[in-house]
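Now that you have both chains on their own, put them together as the hints suggest.
Protein chains in written order, with the working numbering: chain A, 33 to 116; chain B, 21 to 159.
Please keep in mind that the hints were generated in silico from the structure rather than gathered at the bench.
Hints may contain errors.
Simulated crosslink set (EDC-like; lysine to aspartate or glutamate; CA at most 16 Å straight-line) [unchecked claim]:
hint, chain 1, residue 1, chain 2, residue 2
1, B, Lys152, A, Glu83
2, B, Lys150, A, Glu83
3, B, Lys151, B, Glu87
4, B, Lys158, A, Glu83
5, B, Lys151, A, Glu83
6, B, Lys153, A, Asp87
7, B, Lys150, B, Asp88
8, B, Lys154, B, Glu87
9, B, Lys154, A, Asp87
10, B, Lys153, B, Glu87
11, B, Lys154, A, Glu83
12, B, Lys152, B, Asp88
13, B, Lys56, B, Glu119
14, B, Lys156, A, Glu83
15, B, Lys151, A, Asp87
16, B, Lys150, B, Glu87
17, B, Lys153, B, Asp88
18, B, Lys150, A, Asp87
19, B, Lys152, A, Asp87
20, B, Lys156, B, Glu87
21, B, Lys152, B, Glu87
22, B, Lys153, A, Glu83
Chain B is faced by these chain A residues, among others (derived, beta-carbon under 7 Å) [unchecked claim]:
hint, residue
23, Met90
24, Ile93
25, Ala97
26, Glu100
27, Ile107
28, Ile108
For each label pair, taking beta carbons as the anchor points, the in silico distance ranges come out as [unchecked claim]:
hint, chain 1, residue 1, chain 2, residue 2, range
29, A, Gln81, B, Lys152, 16 to 22 Å
30, B, Phe114, A, Pro82, 45 to 51 Å
31, A, Val60, B, Lys154, 37 to 43 Å
32, A, Thr113, B, Lys158, 52 to 58 Å
33, B, Phe22, A, Ala79, 25 to 31 Å
34, B, Tyr57, A, Phe50, 31 to 37 Å
Where is the CB? At the ideal position from N, CA and C, for every residue including glycine.
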Amino acid sequence: MLLSILLQAAAGAGLGKFGAALGAAIAVIGAGIGIGKIGSSAMEAIARQPEASGDIRMNMIIVAALVEGVALIAIIVCLLTLFL
Amino acid sequence: MFLLKAKRIFIKNMTILTLVLSAVIGLVYHLFIPDKYFPWFPAIPVFFYLFGLFYINMFSLAYRLGEDKMVPLFLVCKGTKFLVSVLIVVIYCFAVRHEILAFVATFLVFYISFLIFETVYFTNIELRLKKKKKLKQKQ
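Chain B extracted, bound-state conformation (with noise of 0.2 Å):
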């Protein structure tokens, strides 16, 4: 019941999230800098969606195994995560060669916004799971 309460809330954020910040940044574009738009663009949110799709169900995945696994995983997809921006950003260095200081400057909007969202979210998620545990012992 939690995980799925979890799940259902992370997901409808996270659409939030990525919705408004697509339209803001793309509003960005289109009135004051269209010079500066590149075709790629839509797949800076399609990726951040994804890998948070991934997060949350690597996150099930731990709960499932035992709440102590849960940091540790969560640990090693923020490393992931990471590692896969970097490279995605060093492929379009070479490979695109579009527009590149556009690009690396709304990557690096949407890195930090989905950042601090991950962060908040699981540090409350952490904080739950402590009330949950201290209402057990109380019991």
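For reference, chain A alone in the conformation it holds in the complex (with noise of 0.2 Å):
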């Protein structure tokens, strides 16, 4: 009893639209990890192995792509939550 009572208020007070708002940023935030953490790795190695970076730049791009792409459909997943 208590508990639907909590979830009417909750639905009421659009805690929806806010965990959809929650949802994008925390995929926001770990795809900007992922990029920062492929960009200095690969700043590293580069470092490291200069006459790899031809290797390094081309995974670096491979991954960087995938990110890209799911950190987009977690942001059209939130935005989907909000608006349907």
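Structure, rendered in structure tokens:
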């Protein structure tokens, strides 16, 4: 009984929208950390082995694309939750 | 010469990809879910095509500036595309509000297809540049 009242109150307060915004924020933070880690590791690796810079850059492009795709999907899912 | 050839191949492949994707998705809407079709559908392929042209022009600019500038510029272009895409989806959701799910799904399909295409293309370019460098070192 109490739980259902609490849930109704939460729904009325727009907590669903808050959750969607929070989800989007977490997704973007995750993507930011991911891309930052890729960048820093790649720079470190290039500094250590300049002769392997081509391979490192290539792998960096691929991983950055993956992170970007995942981040966009996460943001769009959160937007859909907000609008539908 | 290398730059001109790379540009030509990119534009040719991108045109084919845009046409095929638009035709396939348009057909799916026409045949299976005609009630979900939205009037802004043609704007999506146009947006990705224009962004592709922007990409390749930035790439040629980076190549002229120096090969080491290519990856940072590529990542900047990627970031810009990501932000502009999110902005477009948000604006559509707020301003148009018509068939949001269909618009977002179509946009996502285009985005991921172009992302794969661009990543494969620029990875191949890196590979070719690496081979070119090795050949130069041998000579």
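Query raised in the report: Of the numbered hints stated previously, which ones are contradicted by the structure, given in increasing order?
Result: Hint check: nothing fails, all pass.
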